[in-house]
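Asker: Sequence:
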Amino acid sequence: MPNLNTPHNRPITLALLAMGGEGGGVLADWAIDMAEHNGFFAQTTSVPGVAQRTGTTVYYLEFFPDDGAGKPGVHEPVLSTMATPGEVDIVVASELMEAGKDGDDVASIPPQRLVGPAVVLDFVKEAEANPDFLLEVSHIEAWEKVNGEIPKGAWVLFRTGWSKFGDDPKAFANADENGPHTPGLPPACAEFLATKRDILGLGVETVGIDAGGAFGMEVPFPCHNYLLGNNKYGLTQLRNLDKLPTTGAIVIAAPLKIVGGSGSPTRVFALVSK
Numbered sequence: 000m001p002n003l004n005t006p007h008n009r010p011i012t013l014a015l016l017a018m019g020g021e022g023g024g025v026l027a028d029w030a031i032d033m034a035e036h037n038g039f040f041a042q043t044t045s046v047p048g049v050a051q052r053t054g055t056t057v058y059y060l061e062f063f064p065d066d067g068a069g070k071p072g073v074h075e076p077v078l079s080t081m082a083t084p085g086e087v088d089i090v091v092a093s094e095l096m097e098a099g100k101d102g103d104d105v106a107s108i109p110p111q112r113l114v115g116p117a118v119v120l121d122f123v124k125e126a127e128a129n130p131d132f133l134l135e136v137s138h139i140e141a142w143e144k145v146n147g148e149i150p151k152g153a154w155v156l157f158r159t160g161w162s163k164f165g166d167d168p169k170a171f172a173n174a175d176e177n178g179p180h181t182p183g184l185p186p187a188c189a190e191f192l193a194t195k196r197d198i199l200g201l202g203v204e205t206v207g208i209d210a211g212g213a214f215g216m217e218v219p220f221p222c223h224n225y226l227l228g229n230n231k232y233g234l235t236q237l238r239n240l241d242k243l244p245t246t247g248a249i250v251i252a253a254p255l256k257i258v259g260g261s262g263s264p265t266r267v268f269a270l271v272s273k
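Residue 93 in numbering that gives the first Met the number 0 sits at position 94 of the sequence shown, and the numbers go up by one each step.
Nothing false has been slipped in among the hints.
The following label-pair restraints were derived from C-beta to C-beta distances:
no., residue 1, residue 2, range
1, Asp175, Gly259, 33 to 41 Å
2, Glu217, Ile251, 33 to 41 Å
3, Val271, Ala170, 24 to 32 Å
4, Lys169, Pro109, 34 to 42 Å
5, Lys163, Pro110, 26 to 34 Å
6, Pro109, Ala187, 26 to 34 Å
7, Asp167, Gly259, 32 to 40 Å
8, Glu217, Ala128, 18 to 26 Å
9, Gly215, Pro109, 30 to 38 Å
10, Ala128, Val258, 37 to 45 Å
11, Gly259, Lys124, 35 to 43 Å
12, Pro168, Glu125, 17 to 25 Å
13, Asn177, Ser272, 38 to 46 Å
If you're looking for bench data, these hints aren't it; they were derived computationally from the structure.
Ideal placement from N, C-alpha and C gives every residue a C-beta, glycine not left out.
Generate the whole structure from the sequences, applying the supplied hints.
Answerer: Put into structure tokens, the structure is as follows:
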């Protein structure tokens with residue numbers, strides 16, 4: 000991370016991938032406060048349309064050094080809505096956690112609601128054949144016939160193999176003129192998990208807990224509406240789900256304690272017996 004106390008001949012740029020809601024705004028405000036405390040001017044904007052299409056907001060911030068006269072030095076503080084590849088100094092992303100707007104903020108979640116048994120629903124083949132694959136209630140019921148009912152307090156991990164695109168932003172977004180094409184849940188399945196199974200939340204490998212085409216569903220963004228609306232949580236951009244057993248692992252989600260935040264960058268751990 001660049002040292003904010005060191006003179007620069009260009010602004011420091013930061014890309015913040017957040018989940019929408021208050022979480023991203025809280026983090027952006029915190030970054031601006033820290034920059035201004037260190038004598039920098041700061042501006043921020045969010046990329047239009049991203050939250051509506053993916054449930055994820057991308058904030059771009061630039062920090063301009065003080066020229067000693069109380070005004071921005073070297074560069075005028077003009078912020079574009081999309082950073083040029085290679086020009087972003089800091090990226091805040093990786094695993095993310097979302098919380099319902101009417102439930103606990105991420106600073107107030109009881110620890111026992113961050114730890115639970117993991118169940119892995121493996122639909123890699125289906126997602127490879129169809130990037131718009133949707134997990135139906137019938138898929139879960141078939142899974143439960145083999146593995147037993149999803150236990151109370153479980154993290155449901157939807158494995159699609161999408162994490163293989165994690166280092167390729169274009170492939171990860173998989174967007175065209177019609178919007179993103181990534182797997183997810185239709186409204187009936189999101190409602191089923193939210194109301195018929197007593198789970199902690201849903202974990203996915205994609206950029207958001209909703210499918211790429213969720214904005215056009217009968218209930219738009221059903222995972223956000225049903226799961227977060229029922230005080231469940233969402234974990235996104237997960238990796239290494241292929242290393243977990245179908246059942247038997249324990250997942251621990253460790254978000255930042257952002258007061259008032261509806262989401263946070265999160266370290267997600269899995270404990271597996273050997």
